[in-house]
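Protein chains in written order, with the numbering used here: chain A, 8 to 572; chain B, 62 to 832.
Treat the hints loosely; a few may be bogus.
Using C-beta positions, here's what the derived DEER-type ranges look like [what the hints assert, rightly or not]:
id	chain 1	residue 1	chain 2	residue 2	range
1	A	LEU484	B	ILE787	20 to 30 Å
2	A	VAL530	B	VAL102	29 to 39 Å
3	A	PRO324	B	MET333	56 to 66 Å
4	B	ILE787	A	GLY97	51 to 61 Å
5	B	ILE263	A	PRO324	51 to 61 Å
6	A	SER534	B	THR806	36 to 46 Å
7	B	GLN116	A	LEU156	35 to 45 Å
Which stretches of chain A does chain B cover? Using the computed rule of at least three CB atoms under 8 Å from a CB of chain B, they are [unchecked claim]:
id	region
8	139-149
9	275-284
10	340-351
11	397-404
12	429-436
Hints in this document: simulated from the structure, not taken from any laboratory.
Ideal placement from N, C-alpha and C gives every residue a C-beta, glycine not left out.
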Amino acid sequence: MSSIITDMDLATTQLILPELLLLGGIIAMILVPNLGDATMRIPLTRVRIPILIGGTRFASINNPKLPNQIATTVLALAFLTSFLFLGEHGEVGNSLQVDEFSRLFTLLFTAALFLASVATTARLPARPRASVPLDTDSTTHSDAKVNALIDNRRQVDFHILLLTTGLGMSLMAMATNLFMLFVCLELASLSSYILVAFHKETDVGGEAGMKYFIVGSVVSAVGIYGMSLLYLWNGSLDMANLAASWKGMEVIDPFAAIGVGLMLVAFGFKVGAAPFHLAVPDAYAGASSPIAGVLATASKAMGFVALMRLLLVVTMPSAGQASWLLVLALVAVVTMTWGNLAALTSDNPKRVLAYSSVAHAGYMLAALAAIGSGLADSDTSALIATAVVFHLCVLVLFKMGAFLVLSMLEAEGRGHRMEDLHGLARRDPVIATSMFVFMLSLAGVPPLSGFLSKLLMINGIVNVSAGTGSASAATALSWAQGVDPVFWLAIAIVLNSALSLFYYLRIGLVMFFESPDTENPLVHSPSLKMAIIACAVLTLLFGIGPLSDSLLDMVGSAVDSFMRS
Amino acid sequence: MSDTKNEWELLVPIIPFLLVAPSLKFLAGWESVEAAFLIVVVPLLIFPAILVLGQLYNGNETWKNRYKEGGIFALGSLALSLSIAIWILYDYIVGSAHFEAHSVVDPFSWLTFDVIEQTGAQWEVSTGFTDIGVGVWIDSVTLMLLFVATFLCFLICWFSLGYMNTDKINEDSNHRFYGEFVLFAIGMFGMVLADNFLWLFIFWEIMGLCSYLLIGFYYWKDSAAYAAKKAFLTTRVGDVFLMVGLLILYDIYGSLDFAVIFDDPSTGVGGMMVESSELFWALLMLFIGAVGKSAQFPLHVWLPDAMEGPTPVSALIHAATMVNAGLYLVVRMVPFVDIHVNGVAGLENFALIVAWIGGITAFMAAAIAFVQNDIKKVLAYSTMSQLAYIFTGLGAGLLFLNIGEHHAGYFVIGASMFHLFNHAMAKGMLFMASGSVIHEVHHAHDHVRELSDKYSTNEGDDHGDFDPQDMRIMGGLAARMPVTATAMMLGSMSIIGIPLIGGFWSKEGIIAETWAACLHEEPLMFVPALLVLATAGMTGFYMTRMWLMTFAGPPKSEIVGHVHEATPWIKEPLIILSVITALGGFALALFGAVEYLGDPEYDHLSFHGILYTLEHAFLPEDTNLRLVGWTTILIAMVIGPVMASRIHGGRLIDGVEASPLVSWLVDLSSRFGSQDVSELADSQLAEALQRRLYFDDLYEITLAKTAIPLAGLSAWFDKNVIDGVIKQIESNSASGSVQVRRITTGSARDYILMAAVGMLSIFALLWGVSA
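Isolated chain A, as found in the complex (with noise of 0.2 Å):
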């Protein structure tokens, strides 16, 4: 690690210069809050000289408001420089690695964090009149000014954890080597972990918190435990040496072979595939809608990256089938139509979306398993590789947005039944249509970006093994018995988004035609409303037209820097 410090110049500060905001911004918020008019007197003398920790606050800075905008604040710079600083490559120390690649995720991770800091303006609020409760108060309204007081002392942690966790999150998407990668990956996880428990005082976030970290250590451990397997093999992690002694293997090592499978566990829990994605929905319904907003975008592109890393890059043979073939694409079948299966009757919308992430975990799944069929060229394979980028670039905006919405509803203490989305039509226009516009990308309904990933996922699956049906077969029927099985994973997404469609159009349905149990407006926020419209304009700008188009191009080029690496 001294190489990074003894080496850092200017051009490797420009280099991280993302990371480095995180970081700065993480020690600000420490410090920030803490600054005072404390004096310290020189030992011997009568001198006594500032040091601006402690003692009486200044009043500038005694503002619960402050640590939400520090971090929205350096969550915005953190994602504009990776924005203007994005063709730039170069290796930092050992271990990490900057490519359009790894800034395209920067720039992911700190848009949805951003978008969950600035929604946290509704749903944690920071209330600087708060004032502390008189005898003469009855109890009720004692409590609201005790919560009041509490959500004003907490906003410094939780707005740390939300740097930590883009702190975590960038370094990942930069590691050469599995055990910086893994290291990052904790980083991040640990404090979403924090995250989900956030609201310790209801029973159901301490608890939801509890069994994601339980579940996820244990994850961890095998995974921890299957990087020790791949080092006991190849005596190295970092991931190019890795890739030439797996290329170079033969007959698979069973220690290669399971070391790998137990990372896959790891990692499969990450982005949420079954069976590993029983916690998830706990967490989700258990955090506050932004945190679980991150979960199902940031936390699972992050999830994608390592798997993309291990899958793509580690294990993936020069030619032929990939051995983790088979098993992906029946863990891709089984969380999709697992998803989807249980979003059917679920009754919480934050069940529903993340069930639905669950789903959406499969589809991408799928595409990964049609790059590892080894029928793709190189083209093919970027193709599909920048269609589950894609997918996970735009999930930004529907997703979290529609985590946003229910954050809204969150913050007058409801979302978590179906019956409080009823009539949001009537109570709130706006933001109901862009509730809906949501749904429908979730669901892939054109002209929405939701559609055009979908439809570039299945249409490099079908691509690479359409192809291998019979030319001159005479009847449908004897086609389909000749063609790649992975033909078959383009049908079963097909088959899941018809399914899906059910349960995203019911909340349309619920949110324009059924009437209301309150006509209150919902809670004023300019900001989140605003961020929710963003949110639904550029889910369709995304979808069709020029802004679509070079998203696309970005996402191309950043894939093709992932492929020659």
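Please build the complex by placing chain B on the supplied structure of chain A, with the hints as guidance.
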């Protein structure tokens, strides 16, 4: 019915819509043709907005009073369409350089698809690809219909603000009316502007859908639901044929673009000569579609029932949009038969079929109109009959063109188009006027009922069987509703063809040329020619009868005494249309509208044209035609009305005044003596006419014997096989969902167990692959 002054303020939101066309012209420098697509696109944006806003703000006071439940937006978008249509029309008339025979705005590509061909054992993508674009096609025919459609849609929408929004029964569902109204208008505008037959067909179907929705606007009434179904299914029959026709056309020309087909209709795909026998079938199929849409024999049964919709809808269907669509389609066929320029010879039989269908329908509909007592039904049959005139004219025109007499052909086609214009204006106004009558009679009835309820204890007496459209309870309304009475009088005169007023010019042209075709070219034209001549007199009878029953004579019920012309918004459109009906036809006729509309080469407006027109109308050189012309005038203007006056004429009761011309007519009607026709009314013929010549019964019996059992069979199949499968999938999914969710126990121990199971499965699978 608040203060009228405030009502005018509500129109302020229309102004921005009206400013769009001028600002595009003067600020953005657009050509009118470039803006043509907005005629369709703007209403297309407004229509969902009205529906969504209506769903959200139903019951809201501002929405109801200020925006008239969406009516203001609908009116605004139609005003925009109208202003652009007028702009294009202006450019066309002053001869702006952009129009030649027609003008096409470059279409943008909509669907591009590869064509897969079988070569040997392989399926291959052929080199050529097909491309279906969206574009705008504007020529004189388009423009005439476009103007009629946009202008009448605008006025009818204006009228609806008064008619629909003051009726309690429509409260909170008017956004549905306006949304569907705008969509209907979109269908018509789009169909007229489309530059290929495919888009024409798509918009045609949009209109079919909207006619279903609007006729069934009061869907909770069985009769309305039945009428909506009948209209939809009957026109669908025609539509299926239309679709077949389009496929044949595609087969012949390899494209459905006007630009490709009309470039040279005698040459098909790959430079082959077009066989007239094949083209005959294509045109016949298209014509059956037109027959369905324009309610001609034998697909006419839906039109009278379509009166179940609100009256503005009747006006919309009968004057502005739907029925004109069929005529438009037939006019579009002119290049196919015009052997003067590249047409295909040998299609005389097709032209004869068109003329025969027209003649039969004209006579039949007029006969049925004799006995109708519902004011709107009379108008419905009159629509059918007048449209049939136009078809007859077009048939004669196609015949002339196909045998090379292109001057006569262009003349009669122009006359038909002109009749379309006159009829649309007059009929739009007649329907609005009848709407005014119905609306006020209904109000008066409600008023009377309130009074009687106040003074009587008879609670059980509800007035459910009251029919505000029945002319037998009216009479003497001329004194109560001066504007409506005058408007309706002018409209009737135009339809009858009283010399110098509107419809006279065009009707005269059609009848004269049909006879010319019969006498000089084709003896088989005799039947249509005779029928349309007879119909002219019958028109005089039934229109006069309707007017007299409604407005003249002593009141036939106490309700009449309470009728007032009070509802705002209703009078203004009536007055505008009255002026156009009274003077517009005359003015246009003098300026050579007939030649202008029919002849693509006619391009001069001159004083000479006026003299020529007058001479052609009253003193044609051919003695036979002169005889026909004056016979028409005689029977339409004298014999028909006088007979009607003998039966239904009569003075108003003493002491009430009507406007001067109206009261002179009423007095005149009482001078011909009276005749008792009750014996005739009981005759079998009258009975047959009452039952609409048994066509509806015949169709119902046929359907009950054939289609209904088949429908029952397919319903059974749908319910038990298809639905059964889907229900099975649904219930399996739901139970699967429950099973799957059962695995999610909520206990972390089980989660880890599942993870362990998953891990072991992965081992097994990896092992299996590597071993």
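Evaluation of the provided hints:
no. : hint                              : result
1   : LEU484(A) - ILE787(B): 20 to 30 Å : 23 Å, holds
2   : VAL530(A) - VAL102(B): 29 to 39 Å : 38 Å, holds
3   : PRO324(A) - MET333(B): 56 to 66 Å : 58 Å, holds
4   : ILE787(B) - GLY97(A): 51 to 61 Å  : 57 Å, holds
5   : ILE263(B) - PRO324(A): 51 to 61 Å : 52 Å, holds
6   : SER534(A) - THR806(B): 36 to 46 Å : 40 Å, holds
7   : GLN116(B) - LEU156(A): 35 to 45 Å : 44 Å, holds
8   : 139-149                           : violated (count 0)
9   : 275-284                           : holds (count 5)
10  : 340-351                           : holds (count 5)
11  : 397-404                           : violated (count 0)
12  : 429-436                           : holds (count 3)
In the structure shown, a violation is registered for the earlier hints numbered 8, 11, in ascending order.
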